[in-house]
Amino acid sequence: MKTYQPVIGLEIHVELKTQTGMFCQCKVNQFDAKPNTHVCPVCLGLPGALPVPNKQAIEWTIKIGQALNCAINKHTKFDRKHYSYPDLPKGYQISQYDEPVAVGGHVSFEANYGTYKNEKRSFRIHRVHLEEDTGKLTHSGEDTLIDFNRSGTPLVEIVTEPDFTTSDDVKMFLEELHTIIRYLDVSDADMEKGTMRMEPNISVREILNPKSQNPNKPQITNFKLPSYKVEVKNINSFNFVKKAIDYEVKRHIEQLEQGKTPLQETRGWDSYKNITYSQRSKEEAHDYRYFPEPDIPPFEFSAEYIESIRKTLPELPQPKMFRFINKLKLKPIDAFTLTRGKEMSEYYEKAMSKINSLKSDINVKSEKLGQEIANFIINKKISIKLPIEDFVKRAVEMIQPIETDIKLLDEIVQKVISANQKSVSDYKSGKQNAIMFLVGQVMREMRGKADANTVISKLKEMLK
Amino acid sequence: MLLGKTITQLRSLIEKKEITSKEVKEYFLKRIKKFNPALNAFLTLNDVEDKSIGDRMLGIPLAVKDNFCTKNLRTTASSKVLDNFIPPYESTVTQKLKNAGAYIIGKTNMDAWAHGSSTETSDYGPTKNPWDITRSPGGSSGGTAAAVSAYLAPGGIGSETAGSIRQPASWSGIVGLKPTYGRVSRFGVIAMGSSLDCPGPLTLTIEDAAYLLSLIAGKDIQDATSSPLPIEDYVTQMKKKKTYTIGISDDYFEGLDTDVAKALQNSIDIFKKLGFKTKKVKLLSPNYAISVYTIIQRAEVMSNLARYDGIRYGNERTMFGTEAKRRVMLGTYTLSYGYYDAFYKKAQKVRTLIIEDFKRVFKDVDFIIGTPTPITALKLGEFSKYPFFGELMDKFNEPGAMAGIPAISVPVGLDRNNLPIGMQLMANYFHESDILNASYQFEKETNFFDVIKKGVARYRD
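Same order as they appear, the protein sequences are chains A and B.
Per the working numbering, the very first residue in the first sequence carries number 1; after that it's consecutive.
Per the working numbering, the very first residue in the second sequence carries number 1; after that it's consecutive.
Bear in mind the hints are in silico, worked out from the structure with no lab data behind them.
Worth double-checking, as some hints may not be accurate.
No more than 20 Å apart at the CA atoms, straight line, and that leaves these computed lysine-lysine pairs for PhoX-like [said to hold, decoys possible]: (1) A/Lys136 / A/Lys77; (2) A/Lys55 / B/Lys219; (3) A/Lys77 / B/Lys349; (4) B/Lys273 / B/Lys444; (5) A/Lys81 / A/Lys233; (6) B/Lys273 / B/Lys262; (7) A/Lys385 / A/Lys368; (8) A/Lys27 / A/Lys233; (9) A/Lys460 / A/Lys422; (10) B/Lys345 / A/Lys77; (11) B/Lys346 / A/Lys77; (12) A/Lys331 / A/Lys311; (13) B/Lys241 / B/Lys282; (14) A/Lys381 / A/Lys428; (15) B/Lys219 / A/Lys81.
Kindly generate the complete structure, drawing on both the sequences and the hints.
Listed below in structure tokens is the structure:
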């Protein structure tokens with residue numbers, strides 16, 4: 001039996017959430033607007049219109065490159081990428097060819113964090129470049145309608161090296177990347193709205209000497225790529241990416257087993273049937289006829305400029321997670337969960353700093369404080385939709401041990417014991433749970449103004 | 001009474017209330033009606049209500065090449081593909097002219113998409129040379145050149161990729177100024193070769209050229225390739241008495257018609273008389289520029305015409321004329337996978353050499369003298385006989401165009417067939433003031449040998 005190993009690379013498109021277009025002043029990301037109401041001569045590609053690049057979009061692309069540990073090219077330019085499609089009004093897309101904004105990075109993270117499978121992962125980033133999005137086609141019956149509102153939205157393309165061997169790794173990587181992008185606050189990366197779209201490039205190679213290699217750890221530097229690859233276009237969910245890869249890998253292996261080489265082609269993902277389908281073969285592949293965009297002079301970035309952008313990078317999810325573990329003594333799994341969402345982790349930190357400033361007024365063991373607040377958020381004990389002050393008030397109430405009126409407690413415990421002889425005898429006959437009923441009764445009589453642990457020990461004492 | 005009056009003179013007459021803007025406008029409309037059927041200079045007349053915003057131009061009419069988008073006024077670039085195109089926006093150049101109070105009296109004929117040097121590739125028929133209607137006025141800004149030459153407008157706007165202002169100015173016997181690339185905004189100009197395209201004025205005098213340039217030049221936030229350098233007061237600068245050194249490169253005197261060569265020699269003598277120095281210089285042969293220009297321009301043409309895909313603008317790609325199809329095919333070929341390095345990339349390298357070459361020479365001299373065209377106006381039909389004839393004819397314009405330096409063409413006499421001869425001066429980047437200054441001195445000294453006066457006089461009211 002032969003051993004096969006998938007070879008997978010990814011292309012990820014992210015629409016930036018700038019105010020205006022990549023090359024024009026139109027408002028972008030207008031998802032609910034009527035078709036063709038946010039358009040101008042530039043994004044419609046009218047005769048004579050010229051593109052003027054959006055500085056914010058360029059800076060955000062540099063920021064993404066830096067967050068992905070890439071080198072930022074000091075010299076960069078735009079190129080024209082030619083192909084003919086109705087959603088592309090100029091007949092070319094302004095993109096970047098041989099001098100992208102960023103090259104040669106990596107994303108490294110702890111996979112399955114906090115579980116027994118916990119492992120380090122690192123995947124290389126080939127490049128990050130900036131381009132313009134196209135219009136959107138809607139097919140209705142015989143007609144195809146074009147909406148150019150999306151045309152000219154800044155679009156960042158992130159390309160990985162073919163470092164992936166499992167669909168699980170791909171999914172984890174994409175989740176990590178998604179989290180990073182959200183932390184950078186440069187895109188909504190909302191897959192429902194199509195502001196993050198993914199394209200896996202999949203092939204399968206035969207491992208001739210399987211024993212010498214761990215199939216989970218590909219030798220990424222020194223093997224020949226298979227002679228073909230299949231690109232699955234525009235998938236908008238991590239699960240679909242995983243399913244599409246699994247479907248393709250199985251399909252390729254079946255073909256390789258029959259001694260065939262799978263066809264190099266572009267395929268689509270049918271999320272209803274859970275299959276991929278052929279869209280375009282190699283013979284129909286485009287020759288994009290790239291050449292430098294003459295309407296936009298090339299850019300020269302100084303080292304100072306690039307560094308000034310680096311200074312705006314926020315703390316990224318992985319470092320934040322480790323800080324939560326090491327400084328705030330959170331359980332790894334909770335630190336992971338909290339740092340998945342930028343809002344959630346920021347809310348947590350705000351709550352913590354508020355609580356810490358009140359610390360002298362409240363009576364709580366500080367080493368457990370961080371974890372307890374984390375628990376409130378993770379277990380949804382207190383909503384993080386509350387204003388931060390209200391959250392802190394509730395948290396303090398829940399943490400503080402309740403002052404118990406011991407005299408009153410004595411009376412009530414006596415009263416509850418005599419009124420619930422059935423439970424008392426159950427408990428005495430060994431049914432440990434029966435005491436909880438009695439605790440409940442006491443707490444009710446105390447109108448909640450008693451510490452549960454004090455109540456339990458008092459009851460146990462009296463029932464001895 | 002108005003025949004042959006320059007823009008400057010018309011402004012003065014209107015200011016002194018000797019005539020009204022309305023009378024001036026009607027005068028030119030009447031002349032267009034009378035002479036345009038024979039010349040075919042205008043494609044579309046502006047019957048849109050005249051709403052002048054500014055007051056400097058006092059409603060004086062101008063002829064504008066049909067590749068400048070004019071809001072609500074049909075703009076075709078002389079191609080049937082855009083037969084019904086009415087732009088929803090205004091080019092920066094025409095907006096600036098309107099802001100200054102000029103009246104766009106009509107849109108002028110050109111080679112379709114500016115592909116040509118004779119106005120013969122227009123889908124609306126060729127424009128005729130006012131000096132001899134069996135001949136071409138040159139191109140691609142032939143419509144504007146003919147309109148100004150026959151005084152159907154006192155001045156106009158053309159655009160040049162490599163020679164399309166200078167060559168028709170030369171053949172039609174008027175002044176044509178090609179500014180530095182980036183000096184005048186390209187926003188709203190239907191693109192031909194985006195790294196080369198350059199709008200500029202065609203006029204009866206140097207002063208009018210300087211004046212129009214001062215209206216249309218400057219940084220435009222809508223054109224990323226426009227220069228942030230401040231513009232000068234060209235009219236004032238032009239009138240300061242200065243002397244310059246003129247560079248003479250033998251390569252720019254090769255293959256000239258004898259009458260053209262004689263007129264050029266005479267022009268050099270006049271400059272000497274004005275106190276100018278001359279100096280022999282060695283420049284790269286303009287022959288290199290032909291190939292470089294052809295490759296880069298075709299690549300950009302292929303790209304720029306890709307948007308006319310038949311989905312918008314109401315007409316299919318089959319409406320493209322032969323010349324456009326040829327250029328798209330060649331451009332596609334030179335940019336194809338595997339050919340890019342051999343053609344486009346190599347051409348860009350040579351382009352860099354051409355730029356360095358000019359920069360080197362302009363350390364020693366102020367101008368390079370030459371002619372925009374080795375011969376005077378050809379008979380209609382000559383161009384289509386030879387492929388690349390236009391490229392060969394424009395070889396003296398292509399090096400400057402590739403480098404993006406400014407140049408002017410002015411009339412320096414008539415040949416044995418009574419056809420105008422042009423001289424050109426090229427200068428270093430953004431030295432429009434110097435070009436205008438030298439040309440103005442030349443004009444004062446010679447009155448351009450009355451060429452312009454004689455041309456206008458052929459079309460009496």
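>> For B/Lys273 and B/Lys444, compute the direct alpha-carbon distance and say whether it is at most 20 Å.
In response: holds (13 Å)
>> Can you confirm whether the C-alpha distance between A/Lys460 and A/Lys422 stays at or below 20 Å?
In response: Holds, because 16 Å separates the two Cα atoms, which is no more than 20 Å.
>> Need the status of pair B/Lys346, A/Lys77: alpha-carbon distance at most 20 Å?
In response: holds (18 Å)
> Hey, B/Lys219 versus A/Lys81, does the alpha-carbon distance stay inside 20 Å?
Replying inline: violated (28 Å)
>> Check whether the Cα positions of A/Lys381 and A/Lys428 lie no farther apart than 20 Å.
In response: violated (34 Å)
> B/Lys345 and A/Lys77: Cα distance at most 20 Å?
Replying inline: Between B/Lys345 and A/Lys77 the Cα gap is close to 15 Å, so the pair holds against 20 Å.
>> Check whether the Cα positions of A/Lys331 and A/Lys311 lie no farther apart than 20 Å.
In response: Not satisfied, since the Cα-Cα distance of roughly 30 Å exceeds 20 Å.
> Given the hinted pair A/Lys136 and A/Lys77, is their alpha-carbon gap at most 20 Å?
Replying inline: violated (26 Å)
> CA of A/Lys81 to CA of A/Lys233, is that 20 Å or under?
Replying inline: holds (18 Å)
> Does B/Lys349 lie within 20 Å of A/Lys77 when you go C-alpha to C-alpha?
Replying inline: Holds: A/Lys77 and B/Lys349 sit about 17 Å apart, inside 20 Å.
> Under the criterion that the straight-line Cα-Cα distance not exceed 20 Å, is the pair A/Lys385, A/Lys368 satisfied?
Replying inline: It is violated: about 24 Å lies between the C-alpha atoms, which goes past 20 Å.
> CA of B/Lys273 to CA of B/Lys262, is that 20 Å or under?
Replying inline: holds (17 Å)
Checked against the numbered hints listed earlier, the structure breaks hints 1, 7, 8, 12, 13, 14, 15; every other hint is satisfied.
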